[in-house]
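Engineer: Protein chains in written order, with this note's numbering: chain A, 178 to 485; chain B, 178 to 501.
This list has only true hints and no planted wrong ones.
Looking from chain B toward chain A, a few residues come up when the C-beta cut is under 8 Å (computed):
#	residue
1	262
2	263
3	283
4	293
5	296
6	297
7	330
Simulated restraints, written as ranges between beta carbons of each label pair:
#	chain 1	residue 1	chain 2	residue 2	range
8	A	306	B	192	15 to 25 Å
9	B	254	A	306	26 to 36 Å
10	B	298	A	190	51 to 61 Å
11	B	333	A	238	50 to 60 Å
DMTMM-like mimics (lysine to aspartate or glutamate), calculated; alpha carbons at most 25 Å apart, straight line:
#	chain 1	residue 1	chain 2	residue 2
12	A	221	A	209
13	A	397	B	257
14	B	187	B	249
15	A	397	B	275
16	A	397	B	288
17	A	397	B	260
18	A	397	A	469
19	B	187	B	480
20	A	401	A	305
21	A	397	B	327
22	B	187	B	206
23	A	401	B	275
24	A	184	A	469
25	A	401	A	374
26	A	401	B	288
27	B	187	B	486
28	A	397	B	322
29	A	401	A	476
30	A	184	A	476
31	B	187	B	245
32	B	187	B	252
33	A	221	A	235
34	A	401	B	327
35	B	187	B	356
36	B	187	B	257
37	A	401	A	469
38	A	401	A	391
Just so you know, the hints here were simulated from the structure itself, not pulled from any lab data. For glycine and all other residues, C-beta sits at the position ideal for the given N, C-alpha and C.
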Amino acid sequence: MARYILKRLWHTVYVAVGISLISFFFIHLSGDPVLLMLPPDASKEEVETLREQLGFNDPLAVQYLRFAGHALRGDLGVSLVHRVPALDLIFERLPASLELAGAAMLFALAVAVPLGILAAVRRGSLLDLGSMLAALFGLSMPHFWLGIMLVLLFSVHLGWFPTSGRGSFAQLVLPALALGLSLLAMFARLTRSVMLEVLGQDYVRTARAKGLRERLVIGKHALKNALIPLVTVAGMQFGFLIGGTVIIETVFAWPGVGRLVVQAIFSRDYPLVQAAVLVLAVLFVLINLLVDLLYVLLDPQISYGGGS
Amino acid sequence: MPLLSIRGLKIHFRTPQGTGVAVDGVSLDVAAGEVVGLVGESGCGKSVLALSILRLLPVPPALFAGGEIRFEGRDLLRADPRDILALRGNRISMIFQEPMTALNPVFTIGDQLAEVYRVHRGQSRSQALASAARMLGRVGVPAPERRVREYPFQLSGGMRQRVMIAIALACRPALLLADEPTTALDVSIQAQILDLMLSLNAELHTAILLITHDLAVVAEVTRRVAVMYTGRLVEEAPTAALFETPLHPYTRGLLASIPRADASFQTESLNEIPGVVPSAFALPPGCHFAPRCPRAAEICRREAPRLEELLPGHRVACWRPVDG
Numbered sequence: 178m179a180r181y182i183l184k185r186l187w188h189t190v191y192v193a194v195g196i197s198l199i200s201f202f203f204i205h206l207s208g209d210p211v212l213l214m215l216p217p218d219a220s221k222e223e224v225e226t227l228r229e230q231l232g233f234n235d236p237l238a239v240q241y242l243r244f245a246g247h248a249l250r251g252d253l254g255v256s257l258v259h260r261v262p263a264l265d266l267i268f269e270r271l272p273a274s275l276e277l278a279g280a281a282m283l284f285a286l287a288v289a290v291p292l293g294i295l296a297a298v299r300r301g302s303l304l305d306l307g308s309m310l311a312a313l314f315g316l317s318m319p320h321f322w323l324g325i326m327l328v329l330l331f332s333v334h335l336g337w338f339p340t341s342g343r344g345s346f347a348q349l350v351l352p353a354l355a356l357g358l359s360l361l362a363m364f365a366r367l368t369r370s371v372m373l374e375v376l377g378q379d380y381v382r383t384a385r386a387k388g389l390r391e392r393l394v395i396g397k398h399a400l401k402n403a404l405i406p407l408v409t410v411a412g413m414q415f416g417f418l419i420g421g422t423v424i425i426e427t428v429f430a431w432p433g434v435g436r437l438v439v440q441a442i443f444s445r446d447y448p449l450v451q452a453a454v455l456v457l458a459v460l461f462v463l464i465n466l467l468v469d470l471l472y473v474l475l476d477p478q479i480s481y482g483g484g485s
Numbered sequence: 178m179p180l181l182s183i184r185g186l187k188i189h190f191r192t193p194q195g196t197g198v199a200v201d202g203v204s205l206d207v208a209a210g211e212v213v214g215l216v217g218e219s220g221c222g223k224s225v226l227a228l229s230i231l232r233l234l235p236v237p238p239a240l241f242a243g244g245e246i247r248f249e250g251r252d253l254l255r256a257d258p259r260d261i262l263a264l265r266g267n268r269i270s271m272i273f274q275e276p277m278t279a280l281n282p283v284f285t286i287g288d289q290l291a292e293v294y295r296v297h298r299g300q301s302r303s304q305a306l307a308s309a310a311r312m313l314g315r316v317g318v319p320a321p322e323r324r325v326r327e328y329p330f331q332l333s334g335g336m337r338q339r340v341m342i343a344i345a346l347a348c349r350p351a352l353l354l355a356d357e358p359t360t361a362l363d364v365s366i367q368a369q370i371l372d373l374m375l376s377l378n379a380e381l382h383t384a385i386l387l388i389t390h391d392l393a394v395v396a397e398v399t400r401r402v403a404v405m406y407t408g409r410l411v412e413e414a415p416t417a418a419l420f421e422t423p424l425h426p427y428t429r430g431l432l433a434s435i436p437r438a439d440a441s442f443q444t445e446s447l448n449e450i451p452g453v454v455p456s457a458f459a460l461p462p463g464c465h466f467a468p469r470c471p472r473a474a475e476i477c478r479r480e481a482p483r484l485e486e487l488l489p490g491h492r493v494a495c496w497r498p499v500d501g
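Whenever a hint applies, use it, and build me the whole structure from the sequences.
Structural biologist: Right, dumping it as structure tokens:
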């Protein structure tokens, strides 16, 4: 087990190198940051001097090696716009992103899993049709619209929650809701279809034939089998959520990584984009590793080395 | 009073294609401690019949259209669901064809077996686990203390079926419904499992309703056998009598289709019954077997024959039974 984890952590290094290479070359295709950093009427000499200073005149390979060399020492460069180390900026924002993603995920799973189970058990009932229709609705609503509607209703009209910002629990509710609703819809549908499949399995019939109450048949025998695909999808979604919640962050002025990255891309802040992509990629890989370790708890047929 | 008494049982299936008839007026008794065979081709309704005894059929699409199932005098079709729960796995148990899929892959053998003791005997977790290990030993699982901690995927097919039998017999049920218990197993393992079931039948006095399409299995372990065709019972007799003097043309066809070791391949082909089994959605009027029957006459196509006792203990539903 420990060996497996070490091996996977070592793989993370490969991923980091690959991702940094790809993102490094791609961002250099996007244009010249120097032109954005200087006033529009700057002279050719001024532009050239700044380029030389920042090292943009060297061949790309040299620039990459310089970046990689620094990165190995934990230095991912200084943001061109904010003039502070890129890593500091990211780690300052990361807790907010994790908090929002975690809250949205928790909310979605807490509602969706019981709902999906109920819909599967009472297949074809009004509850099933109604909740699945609502889920389809939830899936098709755009985030920004939903966010704005939530603000209108709960902040402007009812005054229950603040419109934006981060700091209190009340400020977390609306963005988490806006982000979590589409997740909820997806998980509810997924739970339902997975449960329907599991409920048709022979071992569920065996459990019933043993005289177990339906609550035990579903809550124990069926659910544990259904959790495996759910954990897979939840893990992937969580990875996406950390960096991919720009729209919600914008609507609610949430100080997350997503917005930071998008701003960095628009201002061609190479070091910051580079650092953010790297951090998010490594985080994504680590979450996947965590999911794979969770499998061991859920599925006895999966064991990573160590023997039985 | 027989232990299990089925009278005129009718089970239909409502599907988008229409209503199908799965069981059509079957009456069958099983006495305490008796081993009865229920034979028929796949799709003849024998599994549906067994599942209906424990009320394990999903309703809908299944629909009880008539008749009754009495167990120890109690009408199971009209019993309170809580009473049925108390019977399942306790007084009446069931084992299934596929030991590979009948056990839950994500729980240990011990946990799945101990559940029965916890639910029906009210034993604590540790007590139940000890009972489980004891029961595994009784059904011939070696090293039971270690096996209780293992998962189904770590066991062979034969071992898994032993575990299923242990689960089924844990509470010393009065009746065991065994639905094709050996079909998915290797021939050498089949014999072991049948022996095990018979020895437990003798030891615990558990009656067995053995459902199978395998006549060899029936000949080996049952004293009495009932033959089903398209939802109806067509013949019922002591096992020896059925094999010696089958009265129904269908039974005769079934027996003739068993490959014989002494038949030479060059001269004799396997005898098979001509035609195909009619669909449950379009059953012919009269005797269901008439379209395939070499002896069918006018009346066979018009009117369904009733099950009547032609020889002592030997009942057949046929207008023109084969002469003994």
